[in-house]
Structures are given as structure tokens and as C-alpha cells.
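Based on the provided sequences and hints, a complete structural model is requested.
Residues per chain are reported as follows:
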Amino acid sequence: MPPASLNSVGLSLNDCIKCNICTSYCPVSQVTDSFPGPKYAAPQSERFRDFGHPFYADGAGPISRTLAAGQMPDASVDYCSGCRVCNEVCPTGVRIAEINARARARIVAARGISLRNRLLGRNELLGRIGSIAPGLANFLLHNPLSRRLAAALFGVAEKAPLPRWHHHTLNRWLARTRAQRLRGERKVVYFHGCATQYYEPFVGIAAVLVLEHLGYEVIVPPQNCCGLPMLSNGEFGAAESYHRRNVSRLIEFVNAGYPIIGTSTSCTLTLKEEAPELLDLENDAGTRALKLATWDIFEWLRERLDQGQLPSDLRPLHQSDQPFILPYHAPCQLRAHRIGKPALDLLARIPGLDLRESHARCCGIAGTYGYKTEKYQIAMDVGAELFDFVAAQSTESNQDTEGSLSFTACDSETCRWQLEHGTGLPSRHPIELLAAAYGLYDLHARRPADGN
Amino acid sequence: MKRMQTEILVIGGGATGTGVAWDAALRGFRTVLVEKRDLTHGTTGRYHGLLHSGARYVLKDAASAVECISENRILRRTHTHCIEDTSGFFVVVPEDEDDYPDRFAAACRRLDVPCTEIPPPSALRREPLLNPRISRVFELPDAAADSFLATHATAQAARQAGATLLPYHELTRLHLSGGDGNRAVSAATVLDTVSGEELHIDADLVINAAGAWSGQVAALAGVEVKMILGKGVMLATNARLTNTVINRCKMPGDGDILVPIHTVSVIGTTDEQVADPENLSIEQWEVDLMLTEGDKLVPGLSRSRILRAWAGVRPLYQETQPSGEPTPGTDDSLSNDQPAQDSPQSSRDATRALALLNHRQRDGVRGFITITGGKWTTFRLMAESAVDAACEQLGVSRPCRTADTSVPGVEQGHYWLGHRLNEVEDENLQSELVCECELVTRSMLEGAAQRNPTVTLDDLRRDVRLGMGPCQGGFCTYRAVGILHQLRAGNASPAAGEWHVAHMQSPAHHHRAGAAAEPSRAGPAPASSPAPSDESRRRSAAVDPGTNVSQPNLLLRDFLQERWKGVAPILWGQQLRQERLDELIYLSILNADHLPVDDEESPLSSFYRSGSSPASSSL
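Listed in order, the protein sequences are those of chains F and Z.
First residue of the first sequence: 1, per UniProt numbering; consecutive thereafter.
First residue of the second sequence: 1, per UniProt numbering; consecutive thereafter.
Everything labelled a hint here was simulated from the structure, so no lab data went into it.
Yeah, the Cβ is synthetic: ideal placement off N, Cα and C, and Gly gets one too.
Just to be clear, a hint being listed does not mean it is correct.
[As the list claims (entries may be wrong)] Straight-line distance between alpha carbons at most 25 Å, and here's what the computed SDA-like set of lysine to any residue pairs gives: (1) 187/F with 111/F; (2) 296/Z with 15/F; (3) 296/Z with 187/F.
[Said to hold, decoys possible] Derived Cβ-Cβ restraints for the label pairs, each shown as a range: (4) 106/Z with 255/F: 50 to 58 Å; (5) 255/F with 95/Z: 52 to 60 Å; (6) 30/F with 580/Z: 22 to 30 Å; (7) 596/Z with 20/F: 24 to 32 Å.
[To be verified] Here are a few chain Z residues that sit away from chain F, every Cβ distance over 12 Å (derived from the structure): (8) 281; (9) 405; (10) 411; (11) 470; (12) 509; (13) 601.
So, in C-alpha cells, the structure goes:
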């Protein structure tokens with residue numbers, strides 16, 4: 001058992017000066033009374049919980065007698081979406097979202113977890129099962145009858161934007177194109193995450209193509225879910241075993257000095273920060289080494305740009321004279337990296353691209369949050385700020401004179417699905433745009449430009 | 001001058017005094033209690049909140065240990081909801097190892113104090129912030145007690161048994177009748193400190209339960225009671241560090257107890273002998289000592305956020321030869337045989353056992369009894385001894401009933417930390433919060449203000465914990481003042497029926513429509529007095545527009561000053577940052593240092609102005 005320290009997540013509540021800035025920025029409490037706000041849920045309520053005490057999966061403690069008896073003081077913390085806007089605006093550094101995540105874990109420890117939340121946390125398992133027969137899986141999941149059944153039986157929101165299994169996984173593409181992959185001295189490791197593996201292999205393809213274009217060999221070692229969906233749903237025990245497996249699978253590459261690069265901002269955030277902090281693994285040597293080696297792909301590309309190592313053969317995305325208008329939303333999970341918005345720095349190099357930066361707080365979906373029946377409408381209401389922003393870009397743009405608006409861009413997969421659901425426009429990962437600008441990738445068909 | 005007549009008059013509205021009033025009323029005595037400020041304003045409201053198992057005193061003060069464990073068992077029944085069953089650890093830290101732990105365990109066995117040694121790893125698993133270098137841990141039935149709630153519950157039980165309680169009534173004179181050798185206390189004059197009116201109370205017997213002020217009260221009867229006043233300084237952390245009471249397993253000393261009470265942990269205490277129970281200063285060395293010693297229990301405590309420092313004063317007493325006329329029958333050699341006991345070297349060495357001074361035998365003054373010494377834990381036993389002595393003087397035989405009588409509210413079971421949050425969540429009262437830190441709802445505040453004498457916001461703090469959290473009144477003070485102003489102006493939602501003292505700390509209770517009223521006046525015939533409970537209710541500043549103390553500006557100023565008094569000694573780090581924000585709110589936005597009441601006195605102003613902290617006079 002690692003010794004709990006006075007610097008742990010829970011004790012950061014000591015930094016709260018009650019100023020209410022988090023409450024006034026919280027996108028969730030603004031649209032619903034079900035969530036009383038970050039200040040109430042985290043630093044305030046935490047004083048009435050088992051303050052400072054980490055959670056242990058075996059239930060052996062340390063939890064107080066009341067908690068052991070299943071007596072949980074609060075339930076509204078479940079309505080925190082975990083978007084971390086509160087952390088971002090807090091002037092004193094309270095780990096608000098993390099305190100809430102731990103509170104949810106303690107609720108799960110005391111009361112158990114619903115089948116729905118258990119399923120939503122098993123991203124990887126669902127992905128693997130569906131990918132056995134993607135066509136059948138998509139039919140079973142996406143027909144209106146089963147969506148209605150899923151809503152009624154499990155509480156999975158009927159209209160929420162569930163992803164579709166792709167006809168092949170990223171691993172299959174990598175195996176099929178093995179002969180064409182670059183080999184070389186300079187190597188990076190790619191952490192694809194579950195969504196890229198099973199639903200959006202083309203994001204991984206774009207990433208591999210860009211990295212190879214820079215002259216790096218891309219290693220894609222066996223890996224598993226980062227554990228974030230389980231952390232969000234309070235299953236800390238399961239999340240910890242997933243995380244430890246990732247550490248053991250990646251540590252040899254970390255020790256060899258290779259950067260671990262990811263396209264999913266939430267997966268990389270989990271490796272960098274969420275798992276070490278929430279699971280009290282900050283003193284675990286492997287966790288620490290992996291944390292320091294992990295990069296968001298644009299964070300890493302921006303380093304290359306700054307070093308003058310970025311190929312300059314970027315071409316306009318459109319052949320016409322009009323600029324290509326692109327509303328870009330930096331997802332909450334990326335902002336939580338505290339690295340700025342590196343994708344903007346890279347995309348700005350693409351000639352003729354009219355980047356429109358969103359300042360909306362959150363798209364609403366927040367990982368698995370918006371998929372829950374009782375939270376679907378909240379997620380859509382939160383997202384309205386972003387959807388309106390995109391709509392405004394569209395209204396302003398005149399197809400004939402100013403260019404066209406045909407895509408949005410966002411670094412996080414669930415946010416892209418929510419964006420598509422809320423705006424009706426297709427959404428792309430910025431790496432897809434960059435790959436397209438290098439002439440490596442077909443932005444519309446979402447496949448390599450050479451057809452492979 | 002108004003007059004009252006009663007059988008027993010109790011001086012002092014702390015734990016002991018209200019306990020005496022409860023005991024006496026239960027035995028069928030007409031009883032009146034007077035307290036110069038609010039109930040629990042003295043030592044009762046300034047202690048760390050430990051319900052002793054007695055283990056702390058097994059080797060040093062066996063008499064006190066035996067009293068503590070016996071009362072510990074009783075209070076868990078009679079005051080269940082005022083107690084959190086935290087359990088207690090006595091831990092051996094590297095600084096302390098010697099033969100004390102073995103002698104300690106043996107003494108616990110001998111005195112029937114339940115003591116179980118547990119392996120340090122299991123203790124650390126339960127309390128992960130505990131010093132990992134502890135070598136031995138003993139678990140004992142220590143607990144945390146809410147002395148505010150317990151005193152109010154006892155007071156309510158006393159009222160229901162027919163007693164009359166008069167807070168903000170200061171004793172100014174004790175009237176003695178008879179000549180030398182046949183003197184008797186027969187009446188008292190008290191001053192209503194709010195209205196300024198005097199009240200004459202004829203009483204068959206006066207019980208002095210004034211705690212640290214007992215010597216001053218006794219002096220009014222011409223009797224010398226030399227109190228040993230042991231000042232103790234305590235610090236509260238921003239949030240709990242442990243859920244178990246932590247004691248050092250060694251001879252009792254400074255800074256060796258950490259008590260989880262409500263949302264905070266309290267580290268205490270020092271023990272400095274002082275001459276005056278008022279004007280308690282908090283010295284820098286005392287704060288430093290608490291932090292240094294606290295680090296030995298929970299490493300890092302000194303770097304954790306400290307909310308506040310305060311001092312209480314122990315009313316310790318050890319019998320010495322009265323310096324006045326010699327009492328017949330006292331053996332002079334007794335004091336020569338035991339000089340150490342007669343004049344302890346310091347207050348730390350003075351016994352914690354209760355002291356009953358029957359002034360008829362001791363000083364030849366009838367109708368006057370002093371009950372002092374003891375611990376909060378033994379307040380009920382102290383009351384029992386005092387009223388036993390009163391029965392003897394009054395020539396009646398009525399058995400004590402308090403050990404088998406519960407105060408209102410015990411059906412709620414033991415307090416648990418999540419209780420307020422749970423109620424706020426269940427009833428969706430988030431938008432009703434006035435004090436967000438301590439989860440005080442508007443209806444809690446109104447209930448307390450309308451049905452309990454409320455002269456200052458500090459009275460409400462003691463009732464419902466207003467302003468006791470991290471922001472120390474930063475956000476609730478102006479809200480509470482506004483609500484009290486509305487109450488004064490008659491814009492309040494009507495308050496129906498009795499005040500549910502048993503539920504005064506319940507956010508939801510006052511909110512629920514049709515909550516059953518507590519039965520009132522179940523006891524013997526009331527004292528022959530002008531219905532005083534109505535009077536005290538009318539005196540409530542919040543509902544009486546005639547009293548100047550309820551001026552919103554005064555309420556605001558006094559509460560900010562009182563909060564500031566406790567923050568000033570620990571003004572660094574995170575709390576300093578908090579106070580900067582509070583300063584911006586009150587000084588930069590509300591201009592609170594230029595209120596039109598700057599020079600006006602209130603019943604609280606003498607309290608915070610007396611602080612020796614150089615900063616305490618500025619806001």
C-alpha cells in the first residue's frame with residue numbers, strides 16, 4: 001500500500017477559497033439543477049466524506065464505519081461530467097474533477113455499479129467483441145429497435161451518438177501494410193486507444209502516415225484500454241489492473257527512450273495524469289516513467305516544428321481559391337494537458353486554411369457521460385454553446401465568396417461524435433487534416449491517399 | 001426591579017450548569033439558570049470535543065479515569081446524537097518509547113477501561129495519514145462530542161422538566177442573610193445584559209457552576225475558591241485528517257491529542273496557568289508547539305491548512321486551606337502531609353477529577369455549593385454530585401435520574417460525518433445554503449434565530465456552525481445579516497411552534513412541513529416566575545425590533561471581528577489567501593471598516609476587543 005500523502009488529490013481541497021469561479025464556469029451546473037456545481041461537489045462535500053482517504057478496491061479500507069455500512073452522504077456528484085473545466089479555471093489549483101472522480105469511486109465501493117456503467121467502462125471489450133463481425137455488430141447495435149431496448153433495459157440514451165465498428169481494425173491494416181511501413185533508426189511508439197483500434201482505424205492510419213513522413217519508424221506494441229472509462233464510472237480497481245498492464249507492456253520502450261505518442265487526448269491524459277493521481281500511483285516507478293514519456297501527438301509535433309524538423313510540403317486542402325473554413329474545438333481532455341492548443345500551431349501552417357477557434361467550454365459528451373439516458377439532454381444542452389459556434393461559422397461563410405464549411409475538427413473521438421450529432425457536419429481529428437495537407441490521406445474517404 | 005422565586009439557582013450556562021439545571025429539574029426542584037453570555041460561550045464551547053475513555057488519565061489521575069469511562073458509557077446512551085463513535089487510538093511514536101505503554105495497558109485493565117492492542121499496519125490502513133513510524137497502537141472507546149449540541153439538548157431537557165434558562169443574564173450580587181457562623185445565600189441580583197434591566201431572584205440554594213469563573217462567583221458570597229486556570233490552545237485543520245481520535249501513548253502533555261470533530265481535526269492543547277479566565281492570548285510559541293507536536297501524530301499536519309486557533313480555560317481545582325477563617329474540624333496536618341497535592345506545580349499536574357465544594361461545611365455558608373474541576377466528559381456526574389449535595393442541604397431525598405433519562409434527539413443515533421450533506425442531498429437544499437462550508441440552510445438559521453436568544457451572529461454560530469468552515473464567515477456573514485434583517489423587518493416565513501433543539505443542526509428538519517413538535521413542559525410545576533421562556537424568546541434580538549444589538553451593521557461587524565480574532569494567529573499560506581479574498585469582499589466592496597456603528601458597544605465587542613493579538617483591533 002503506498003503511503004497516502006498530505007499532497008494527495010483529496011487534500012487539494014485545502015486550496016479552495018470558495019471564490020465560486022468554478023461554479024460560474026461549470027457547463028453542467030449551468031444547464032441542470034441535478035449538479036449543484038464543482039465547488040459544492042468537490043471541496044465542500046469532500047469535507048463531509050471520508051476526506052483524504054484513498055480508495056482501495058478490495059474494500060478492506062481505509063473507509064469509515066459509516067461508509068463501510070453503505071451510508072454515502074451524497075449522490076449529486078454523479079452528475080459531474082468530469083470535463084475538468086473547473087480545474088482549468090480554478091485560481092488556486094484544487095483538483096476538483098479528481099476529487100469528484102474519487103467520490104464516485106467510493107459510491108461504487110459502497111453501493112456497487114450498474115450494469116450500464118460497467119458496460120460503458122468496458123470500451124475495449126465491446127470493441128473487441130464487435131470487431132469479430134463488425135457488420136452484424138453494427139446492425140445489432142444501431143437499429144432503432146435495439147436502441148430503444150438499450151435505453152429501456154440499460155439506460156443507454158436512444159439518440160446518443162454511439163460509434164460504428166469499422167470493417168477492419170487498425171492492427172489489421174498494420175499487418176496488411178507491414179511491408180510498406182518505414183523502418184529506421186528514429187522510432188516512436190504509437191498509443192492508439194480503443195476507439196482508434198475498433199471504430200476509427202483511419203485516425204491511426206493518418207497518424208502513422210504523418211509520423212513516417214517525418215522520418216520516424218512507428219512501433220505499435222500490444223496495448224490495452226487506458227482505463228479512463230472505468231475511472232469515470234468509479235471502477236478504480238479494474239482501472240488499476242488495466243493501467244498496470246499498460247505499464248508492463250510499454251515500459252521496455254520507455255526505458256529505450258522512445259516517446260509514447262497518442263492521438264486520443266483522453267488516453268494520453270490518463271497515462272500522464274489521471275491514473276497516477278487517482279490511483280495513488282505517483283510513486284510507482286513504472287507509472288512515473290510512462291507518465292513522463294507520454295505525449296499528445298500534436299504536443300510532440302509542435303516540438304518538431306519548434307526544432308525546425310517539420311517537413312514544409314503542406315498543401316492547401318482545397319484546390320479552389322476560397323479558404324477552407326475549419327471550426328476547431330480543443331476538447332476538455334486536451335486542455336487538461338495544460339499544453340495550450342498545439343494542433344492550432346500545426347494546422348496554421350496549412351495554406352489557405354481558415355481556422356476558427358472555438359471557445360466553447362465543452363461539447364457535453366464527456367466520455368461516457370452523454371450516453372446515459374438521464375444525462376443525454378444535459379450533454380446536448382452543454383454542447384449547445386459549441387454547436388451554436390459551429391452554426392455561426394456556417395452562416396457567416398458564403399460558399400461562393402468566402403469558402404466552404406464542410407468539416408469540424410476536434411482531437412477527441414467522443415467529442416467528434418457529439419459534434420457530428422449536434423451539428424450534422426462530419427468531424428475530423430486534426431491529424432487527419434495534417435495528413436491530408438501532406439497529400440498522404442483522403443479527408444473525405446478517410447483512407448490513405450494511395451488507396452491502401 | 002423584576003423578581004423571581006425559585007428553589008435552586010444555577011450560575012453558569014456551560015455543560016456543567018445546564019447539566020445541574022437538568023438534574024435538579026428532573027428531581028422536581030424549581031430551577032432557574034443564569035448565564036452571562038450565550039450558552040456554551042465559556043470553556044464548553046472552546047474545547048476540542050473529546051469524549052474521554054479515561055485512558056489518558058489511567059496512570060496520572062486514576063480518579064478522573066474512572067469517572068471518565070463510567071460517564072463515557074452513560075453519555076453514549078443519554079446524549080447519543082451528540083456523539084460520533086470515532087473510537088480512539090493511543091499510538092507510540094518513536095519519541096515516546098519507554099515502559100509507559102505496558103504500564104498503560106496494565107492500568108487500563110486494572111481500572112476497567114477497555115483497551116485492545118492492534119497491529120500498527122491495521123491502524124495505518126484505517127488512518128493512512130498517521131505517522132508510519134508508530135510502533136504500538138492501542139484502541140480505546142474515545143469518541144468525539146459536539147459540546148454545543150449536547151449543551152443545547154441538555155438545556156432543552158431541563159426546560160422540558162420545568163427549568164428556566166436565562167442566557168445573557170449576568171450575576172452581579174449574591175445576597176447573604178444571617179450573621180457570622182449562620183450565613184446563608186438567599187438571593188441573587190442578575191443583570192439582563194441586553195435590556196439593561198435588573199432581576200432579583202430569591203433562591204433556597206445557589207449552585208455555582210461557573211467553571212473558570214467559579215472563583216469570581218464564590219467571591220460574591222464572600223467565599224474564597226482558588227481556581228487553577230489552565231489555558232489550552234487548540235488549532236483546527238481545514239478538514240479532517242483522521243476519522244479516529246489519536247492520542248500519544250505517554251504521560252499527558254502538550255499537543256498530544258488529535259480529535260476529528262464535525263468537518264475538522266482539532267490538535268490540542270497547551271496547558272498554561274493563567275490568572276484571568278477572560279483575555280486569553282494565543283502566543284506564537286503555542287501555535288508552533290501544536291504544529292510541531294501535531295506532526296508527530298500526522299506528519300505534514302503543520303503544512304496542512306490551519307483554519308483557526310482558539311483558547312479555552314480549564315476550571316481546575318485542588319482543595320487548599322482557605323485563607324479566610326479556619327474551618328472547624330479540618331485537620332491542619334493533612335495539608336502538610338500532601339504538599340504536592342495541595343499546591344500543584346502547574347495546571348498540567350492538577351487533577352482532572354471533579355471538585356464539589358459544600359460551602360456549609362467548608363466555609364460555614366449555607367445555601368451555596370460550588371461544583372468545578374472535572375472534564376466535559378464528566379459534566380453529568382458533576383451535576384449529580386452537586387444536586388446530591390443540594391438535596392442534603394435542603395433536607396430532602398430525591399434520587400438522581402439523569403443517568404437513565406435521554407435528552408431530546410437520541411433517537412437519531414450517533415452523529416456521522418456525512419449527516420448534513422446527506423440531508424441536503426436528500427431534500428435538494430443546495431440552493432438554501434447560507435453557510436456553504438458547513439452546509440447551514442436558511443431554515444436552520446431562521447429556526448435558531450427566532451426561537452433561541454440571538455444577540456449576535458456568534459450565537460448562531462454555536463447553534464448551527466455558521467461561519468465555522470474554510471472561509472470563516474467570508475460568504476455567509478453578509479447573507480446571514482441580510483436574513484436577520486428581514487426577520488427584524490417582519491418579512492420572515494412564520495416560525496411555527498417550539499424550536500426543535502434536538503434537530504437544530506439538521507438542514508432538512510426545519511424544512512419539512514408538519515414536523516412533530518417536541519413535547520414541552522413535561523416536568524413538575526414551573527417556578528413561580530414571570531413565564532421566562534416566553535421572555536427569553538421575546539428578547540431574541542432578531543425578532544425584537546427594539547433592541548439595538550440586532551442592527552445589521554453591528555451583527556456584521558461583530559461577527560467579522562470575532563472570526564478575525566481566531567484567524568489572526570494562524571495567518572499564513574492557504575488561510576491567508578482566503579482572508580485576502582474575504583478582505584476584498586468586506587473592506588473593498590462592502591466598506592465594512594467604515595460602518596456607522598464603529599464606536600458602539602455590543603455584548604460581543606468586549607470579547608474580541610480583549611484579545612491580546614495586536615491585529616485584533618483592526619478588521
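Next on the checklist: I'd like to know which numbered hints this structure contradicts. Please list them from smallest to largest.
Outcome noted: Hints 1, 3, 5, 11 contradicted; others consistent.
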